[in-house]
Amino acid sequence: MCVDGYPYLNRCPSATRCEPAECQLPYCFCSKDGTLIPGGLEPEDTPQMIMLTFDGAVNLNNFDLYKKVFNGKLRNPNDCPIRGTFFLSHEYSNYVMVQSLAHDGHEIATGTISQQQGLQDKGYEEWVGEMIGMREILRRFANISRSEIVGTRAPFLKPGRNTQFKVLEDFGYIYDSSIGVPPLPLPVWPYTLDYKIAHECKSGTCPTKSFPGSV
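Everything in the sequence shown is counted per numbering that gives the first Met the number 0, starting at 0 for the first residue and increasing by one.
Since the hints were derived computationally from the structure, they do not count as laboratory data. Please note: incorrect hints may appear among the correct ones.
Below, simulated BS3-like cross-link-like pairs (lysine-lysine); rule was C-alpha separation at most 27 Å, straight line [to be verified]:
#1 67 / 121
#2 208 / 31
#3 201 / 31
#4 201 / 121
#5 208 / 195
#6 121 / 31
#7 201 / 72
Just need the whole structure built from these sequences, with the hints factored in.
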């Protein structure tokens, strides 16, 4: 089991470069430079997709603002109201408000309990405590089941190298939203981690081994 975070990264077998013929949707997706549009669509035929995501605690300081943003007036092309994803941290969160957001159809995902600096350099048990611990807090205090919490984001967009992604794999997460992309002429599309990341790792702490099916 490779959970070697810093400074033992070289002990982990590196992921290989993308092989598009061996990586097919819906379980795998990659491209040589990350810019291939899924389905082979041309840019002019590709729907615009906007992700609304929020980090940290939900409480009196921001709850009314969220209710104003998601007031039902802005709608998707299918006439459904827009929704957001909230990557929750524990400190200062009001779980009645979190439960209200979940009831309204927003996605509730995990940040970490403490949003601490330097977590990217910590070990497996620390990641379990912070991230899986946050999922358990949401289950207990916001009544959100484990099966509904499938995404996560590391503090300050600094992923925890291979260690964090091993935790995601072991505890049934589907996706991570921590890996940043540097400014590029063309956008990079979401990809699974079956193969080597096709772009420069902005944080310097991205995973280097293969995690099949993880996004």
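Taking the hints in turn, this is what the structure says about them:
1. 67 / 121: At roughly 38 Å apart (the allowed maximum being 27 Å), residue 121 and residue 67 break the hint.
2. 208 / 31: holds, 17 Å
3. 201 / 31: Holds: residue 201 and residue 31 sit about 18 Å apart, inside 27 Å.
4. 201 / 121: holds, 19 Å
5. 208 / 195: Between residue 208 and residue 195 the Cα gap is close to 7 Å, so the pair holds against 27 Å.
6. 121 / 31: violated, 31 Å
7. 201 / 72: violated, 36 Å
The structure fails to meet hints 1, 6 and 7 from the earlier list, while all remaining hints are met.
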